[in-house]
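**Student:** What follows is each chain in one-letter form.
There are 2 protein chains.
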Amino acid sequence: MTRTILESASKTVTIGFDEPFCVIGERINPTGRKKLAAELEAGDFSTVEKDALEQVACGAAVLDINAGVVYNSNPNPNETEPPLMRRIVELVQGLVDTPLCIDSSVPGALEAGLEVAKGRPLVNSVTGEEERLELVLPLIKKYNVPVVAISNDDTGISEDPEVRFAVAKKIVERAADFGIPAHDIVVDPLVMPVGAMATAGRQVFELVRKLRDELGVNTTCGASNISFGLPHRHGINAAFLPMAIASGMTSAIMNPVRQVEMEAIKAANLLMNADPNGGEWIGFSRVIDAVAEGATFPDAARAAAAAGGTRGGRRRRRG
Amino acid sequence: MTRTILESASKTVTIGFDEPFCVIGERINPTGRKKLAAELEAGDFSTVEKDALEQVACGAAVLDINAGVVYNSNPNPNETEPPLMRRIVELVQGLVDTPLCIDSSVPGALEAGLEVAKGRPLVNSVTGEEERLELVLPLIKKYNVPVVAISNDDTGISEDPEVRFAVAKKIVERAADFGIPAHDIVVDPLVMPVGAMATAGRQVFELVRKLRDELGVNTTCGASNISFGLPHRHGINAAFLPMAIASGMTSAIMNPVRQVEMEAIKAANLLMNADPNGGEWIGFSRVIDAVAEGATFPDAARAAAAAGGTRGGRRRRRG
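Each protein sequence line maps, in turn, to chains A and B.
Residue numbering for the first sequence follows this note's numbering, starting at 156 and increasing by one per position.
Residue numbering for the second sequence follows this note's numbering, starting at 156 and increasing by one per position.
For reference, chain A alone in the conformation it holds in the complex:
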């Protein structure tokens, strides 16, 4: 069985075919969040702290850390990202005990994050591009960590799923040349918007199954991309995630502070026999009840977590 092991200083998270779906919280990322970028430039980390705590309360098993700001005072990310990555990683691992995902296109920022991250973080990401392979794989080997492999290469993103499969296979083979095992590669088969490409959903479901059956790798994706440009995106996402899970997808990089998507994942875990005795579902159902009574989802999730988590809740129910 393919098991990708992630660790913080005190906690282990396993991505695997028989594990609960691994939710990687995407919120700590200033890309497209001007207010957050300005706060970070001013040395204000309050939003990062809030995002870390809230995502974990809502059910993120791993937190993605992206420090990709473009400061007004210094537009060179090679200079600004590494120290900011270091600072955020240290801050977040002082606040929560979930493993981290070090996310950057700047190799210096990846290494800065790896230097300070405790345990065994995930790295996001390598691609099939020659330059990225040669820059990132040695870091993965040096720090003995798992990595997200995105299936595009120097020719771009192919619309042909067979080409994307071939790129993933190439990355797994190149990683093996560096002594990196396949179970430390988490392939992102690339999710296209179904509004732009009608076959986008089917493509991903078939690719995930093939990646699992033929390469034996875990998989991840930027889940919300599937619904880009369409109305009621959460409804589409909430069907996409269970369908991807039934096809063998084992993790996603996503916003966990959304009840609809998290409910779909909790139900899918139950249906994949990854929720022993239904304890997680029964605990989550109390969060749904609290939201129906007027609480916000993060507040309801936080209250459930503070009450001993969903499993604790189940034990109380039995007593």
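Keep in mind the hints are simulated off the structure, nothing from the lab.
Glycine included, every Cβ here is placed at the ideal spot set by N, Cα and C.
Warning: the hint list may mix true and false statements.
Far from chain B by the CB rule (all over 12 angstroms, computed), these chain A residues [as the list claims (entries may be wrong)]:
id : residue
1  : D252
2  : R275
3  : V349
4  : A353
5  : T354
6  : R457
Chain A stretches covered by chain B per the calculated footprint, using a threshold of three residues with CB under 8 angstroms from any CB of chain B [as the list claims (entries may be wrong)]:
id : stretch
7  : 356-366
8  : 386-395
9  : 400-414
Here the structure of chain A is known, so what remains is to put chain B in place on it, guided by the hints.
**Tutor:** Quick look at chain B alone, frame taken from chain A:
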């Protein structure tokens, strides 16, 4: 490609791997509905009329008709069901143009329904039990209609999916002996409650895939059984249906007058490339909006249907 063709007097519905998921409305069934049973005994068909119209407005492509009452005045279903089945079939096909599914465990009621149903109704059901095979298959051949094949036999319902697959295979082979082709068999692999059997979901997903790949048959199920006994059943159903669809399930016998489940199916159709240009999803998103503004789901669905259906809605959007 496996295509199961259902017809009313004026409308064709195809169940198939590349078709939108076929929702078979389950509401017209007095089993467990004491009030409806009493109304039918008193000759009051107003609830049947309401259920027929409401289910079609909400998105049912086929209506199941079950006349399984036990009258206070006559407890013998062999006497009461056939005339009641005839009456309800005639009533419903006068009201709506969807194909019907003639549902009874009383052979005389199946034949009564088949005699009066126009077009090509589905029959629900045959099992692997010898007596049922010998009673039902000749009717299927005589009327040249498709049939739901439930994968239990004289030994009961096996918890082993391999046994359930073998029962389905036996029914397909026996049907072939009668000259009934596999594309007229819609297999129900039997959905167990996941609260009682933790593997119930995975079992169904694997069975559906195998039934499709190895027997080439369409499939159906009583979808809501999956969540029996658990809290927030609609959340579980709304994940189960997309997962079953991604695994190859092509229809379900279910209550279509539930927004959560119907939204999951509409999104799954979009993601399976069975919703050209997203027209159905965009139309349904207006139903979601109307419900958010205070309408009931049936009223919002009815209004959308009266406005020319969801595709009509999309055309307006373009204009």
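**Student:** Now tell me if each hint is right for this structure.
**Tutor:** Results of checking the hints against the structure:
no. : hint    : verdict
1   : D252    : 28 angstroms, holds
2   : R275    : 29 angstroms, holds
3   : V349    : 6 angstroms, violated
4   : A353    : 5 angstroms, violated
5   : T354    : 5 angstroms, violated
6   : R457    : 19 angstroms, holds
7   : 356-366 : holds (count 3)
8   : 386-395 : holds (count 7)
9   : 400-414 : holds (count 3)
Figure legend: structure checked against the earlier numbered hints; hints not met, in rising order: 3, 4, 5.
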